[in-house]
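Asker: Heads up: the sequence lines are chains A and B, in that order. In case it helps, this note's numbering puts the first sequence at residues 8 to 500. In case it helps, this note's numbering puts the second sequence at residues 17 to 118.
Read the hints as simulated data drawn from the structure, not as lab findings. Be aware that one or more of the hints could be misleading.
Computed list of lysine-lysine pairs in DSSO-like fashion (alpha-carbon distance at most 30 angstroms, straight line) [said to hold, decoys possible]:
1. K471(A) / K117(B)
2. K443(A) / K117(B)
3. K359(A) / K443(A)
4. K154(A) / K359(A)
5. K366(A) / K117(B)
6. K366(A) / K443(A)
Over 10 angstroms on every C-beta distance to chain B, these chain A residues come out as not near it, computed from the model [stated by the list, open to error]:
7. D237
8. G358
9. E363
10. I430
No residue lacks a Cβ here, since even glycine has one placed at the ideal position from N, Cα and C.
Here's the letter readout for the chains.
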Amino acid sequence: MTASLEWGLLAPEFLLAGWAAFIILIELFWGGLGKERLGWLAALGAVAAGGLSLIWVDDATQFGELADINDYTTLFRVFFCGIGATICVLSARYVSDRLLHPGEYYALILLAVVGANGMAAAHELLTAYISLELLSFSLYVLTAYAKFDLRSNEAGLKYMLLGAFSSAFFLYGIGLIYGATGSTQYAEIGEVLSGDTSDIEWGMYLGLAMMIGGLGFKVAAVPFHMYTPDAYEGAPIPITALISSLSKAAGFAFFLKLFAVAFLPLIDDWRYFIAGLSVATMAVGNLVAIQQRNIKRLLAYSSIGQVGYLLLGIAALSQDAASALVLHMIGYAVTNLAAFTCVILYYNWTGKEEIEEYKGLADRAPYLALGLTIALFSLAGMPLFAGFTTKFILFQAAAEQDLLWLAGVAAFFSFVSLYYYLIVIREMYLGEPEEKTRFPTPWLGYTALTALIAGVFLMGLYPKPVFDIVEDGTNTIFVSEELDGGEDLVGVP
Amino acid sequence: MIPIDNFLVLSAILFSLGMYGVLARRNAVLILMSVELMLQAVVINFVAFAVYLNPETFTGIIFAIFVIVIAAAEVGLALAIILRLFRNRQISNVDEADLMKW
Numbered sequence: 008m009t010a011s012l013e014w015g016l017l018a019p020e021f022l023l024a025g026w027a028a029f030i031i032l033i034e035l036f037w038g039g040l041g042k043e044r045l046g047w048l049a050a051l052g053a054v055a056a057g058g059l060s061l062i063w064v065d066d067a068t069q070f071g072e073l074a075d076i077n078d079y080t081t082l083f084r085v086f087f088c089g090i091g092a093t094i095c096v097l098s099a100r101y102v103s104d105r106l107l108h109p110g111e112y113y114a115l116i117l118l119a120v121v122g123a124n125g126m127a128a129a130h131e132l133l134t135a136y137i138s139l140e141l142l143s144f145s146l147y148v149l150t151a152y153a154k155f156d157l158r159s160n161e162a163g164l165k166y167m168l169l170g171a172f173s174s175a176f177f178l179y180g181i182g183l184i185y186g187a188t189g190s191t192q193y194a195e196i197g198e199v200l201s202g203d204t205s206d207i208e209w210g211m212y213l214g215l216a217m218m219i220g221g222l223g224f225k226v227a228a229v230p231f232h233m234y235t236p237d238a239y240e241g242a243p244i245p246i247t248a249l250i251s252s253l254s255k256a257a258g259f260a261f262f263l264k265l266f267a268v269a270f271l272p273l274i275d276d277w278r279y280f281i282a283g284l285s286v287a288t289m290a291v292g293n294l295v296a297i298q299q300r301n302i303k304r305l306l307a308y309s310s311i312g313q314v315g316y317l318l319l320g321i322a323a324l325s326q327d328a329a330s331a332l333v334l335h336m337i338g339y340a341v342t343n344l345a346a347f348t349c350v351i352l353y354y355n356w357t358g359k360e361e362i363e364e365y366k367g368l369a370d371r372a373p374y375l376a377l378g379l380t381i382a383l384f385s386l387a388g389m390p391l392f393a394g395f396t397t398k399f400i401l402f403q404a405a406a407e408q409d410l411l412w413l414a415g416v417a418a419f420f421s422f423v424s425l426y427y428y429l430i431v432i433r434e435m436y437l438g439e440p441e442e443k444t445r446f447p448t449p450w451l452g453y454t455a456l457t458a459l460i461a462g463v464f465l466m467g468l469y470p471k472p473v474f475d476i477v478e479d480g481t482n483t484i485f486v487s488e489e490l491d492g493g494e495d496l497v498g499v500p
Numbered sequence: 017m018i019p020i021d022n023f024l025v026l027s028a029i030l031f032s033l034g035m036y037g038v039l040a041r042r043n044a045v046l047i048l049m050s051v052e053l054m055l056q057a058v059v060i061n062f063v064a065f066a067v068y069l070n071p072e073t074f075t076g077i078i079f080a081i082f083v084i085v086i087a088a089a090e091v092g093l094a095l096a097i098i099l100r101l102f103r104n105r106q107i108s109n110v111d112e113a114d115l116m117k118w
């Protein structure tokens with residue numbers, strides 16, 4: 008079989024990878040550029056790649072039998088490039104103050120975006136696995152990037168060892184599934200499983216469980232979350248933001264596509280397994296978050312709690328639930344980036360990251376305190392903000408799939424989460440600041456914060472445009488499952 | 017021809033040994049070695065399935081090659097991070113890396 012490959016379909020990924028190499032070279036040969044401007048340059052590359060991927064809006068074609076280029080891919084390409092660009096901009100000041108070797112730093116962020124794109128685009132398990140490792144490896148290095156910071160070293164070590172351990176499980180699971188179904192293509196696996204499943208061996212189910220474990224690690228679901236708080240606390244803050252948004256979103260993009268296309272026929276077998284994971288994740292994430300003293304650890308546990316809500320969308324897998332899940336993920340990523348923007352800006356000024364050190368922030372930087380308040384309220388799911396709308400749609404989709412009890416549990420833990428977010432807000436507004444001086448205004452940081460906050464409000468008050476785009480995207484994975492076999496191999500002209 | 021079961025059992029034993037190593041060892045380098053053992057078990061699995069169940073396509077073999085390559089990259093990366101920790105703190109045991117606790 009000789010499938011001719013149309014390399015142009017991967018142009019955004021080539022652009023990102025090429026831009027990463029370009030950034031390293033620029034840093035090497037043009038030292039006069041300055042460390043901050045390097046970050047903006049990297050962000051420019053990510054934005055360009057995101058724009059380039061818009062060429063394939065409403066297109067549905069394939070790269071070989073390796074990657075789908077359709078609305079689902081385009082949606083996530085734009086989303087991931089947006090996250091990458093935001094992180095580059097937010098890193099600019101932090102990196103120039105505190106880290107060595109900025110060229111490689113930005114290059115690795117861009118490569119992580121390439122990996123994330125590949126995970127969303129993958130049409131079969133090998134592509135997905137390689138993309139997943141590209142993303143993970145970039146993140147391992149970035150987590151340990153502060154060379155002389157002991158916590159960063161330690162975080163990198165833990166993340167790396169546990170990541171390698173979990174990817175071994177994931178691979179063994181792929182192996183068993185390949186053995187049981189004879190294919191690594193999602194669609195073909197789905198076809199085999201939707202036929203007579205009585206003669207499928209238990210190895211298949213073991214493989215499925217192992218894959219869920221491996222994926223659970225990538226998205227930090229309990230009980231595979233042990234590395235999360237340490238990795239989040241030790242990593243440089245912009246990288247914490249990157250792990251909590253990009254790595255999670257890419258994990259779910261892959262999770263959703265794999266389960267919608269390949270494992271949907273077995274939904275009765277894994278639904279309650281995932282539902283159980285979801286409950287455990289919500290409980291541990293939200294309850295342990297209450298006793299945290301460090302803002303990064305607090306956000307780490309809160310992000311674990313959010314993963315619980317997202318898993319609910321997988322447990323209730325249907326087209327509505329898939330759209331709701333992606334919408335909640337986008338809302339969560341935007342909100343989370345807004346929260347991290349505030350944490351990064353505060354750290355740039357003071358170098359502090361304990362929650363009690365936020366006291367009196369409202370007097371010293373009112374806009375920052377307001378931004379962080381909005382972001383935290385949105386994470387807790389207060390009305391007006393993105394968190395409420397997206398959670399509402401998600402819980403509704405779950406309730407329609409007879410998982411009302413699960414939606415009830417999720418709503419309960421949303422209330423619990425409000426408590427620990429309010430602790431931070433109380434420190435900022437009611438605490439007495441140690442000094443009264445105002446902080447200087449970081450214009451670039453505030454611009455980014457304003458844009459993200461606007462996104463939070465947009466998704467909270469008028470989510471329809473975003474929802475329509477998301478629905479177009481998730482349509483493609485559900486439709487292609489029904490029509491498989493009828494598609495052309497490649498979109499050769 | 018040797019039945020496929022033999023290969024699968026070998027692979028399962030290797031995988032379990034690797035898993036035991038990861039959970040029982042304290043030294044980061046030895047944990048890494050155990051992870052490698054697990055990955056090699058995966059490779060045996062893939063090759064066995066490719067040869068016995070699906071001899072006309074190469075998916076399993078190609079997968080095995082990629083797993084080997086990625087495992088090599090993984091070792092390089094992990095050793096660099098372990099070395100960093102050793103230079104800064106003179107430790108290589110994972111239970112001594114305990115600055116952060118929940």
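Asker: Hinted pair, alpha-carbon criterion (30 angstroms max): K366(A), K443(A). Please report holds or violated.
Answerer: holds (12 angstroms)
Asker: Taking 30 angstroms as the top limit, are the C-alpha atoms of K443(A) and K117(B) close enough?
Answerer: Outside the cut-off at roughly 34 angstroms; violated.
Asker: Between K359(A) and K443(A), does the CA-CA distance stay at or below 30 angstroms?
Answerer: holds (17 angstroms)
Asker: Report holds if the minimum CB distance from D237(A) to chain B is greater than 10 angstroms, and violated otherwise.
Answerer: D237(A) not clear of chain B: closest Cβ-Cβ about 5 angstroms, inside 10 angstroms.
Asker: For E363(A), is the shortest beta carbon distance to chain B beyond 10 angstroms?
Answerer: At roughly 18 angstroms from the nearest Cβ of chain B, E363(A) sits farther out than 10 angstroms, so the non-interface label holds.
Asker: Please work out if K471(A) and K117(B) have their alpha carbons no farther apart than 30 angstroms.
Answerer: violated (43 angstroms)
Asker: Verify that the Cβ of I430(A) lies farther than 10 angstroms from every Cβ atom of chain B, and report whether the claim holds or is violated.
Answerer: Non-interface label on I430(A) holds, nearest chain B Cβ at 17 angstroms vs cutoff 10 angstroms.
Asker: What's the verdict on K154(A) and K359(A), does the C-alpha distance respect the 30 angstroms limit or exceed it?
Answerer: The hint holds at about 19 angstroms.
Asker: Is the nearest Cβ of chain B still more than 10 angstroms from the Cβ of G358(A)?
Answerer: Label holds. Min Cβ-Cβ 17 angstroms, cutoff 10 angstroms.
Asker: Next pair to validate is K366(A) with K117(B); report whether the Cα-Cα distance is within 30 angstroms.
Answerer: holds (24 angstroms)
Violated hints, in rising order: 1, 2, 7; the structure is consistent with all others.
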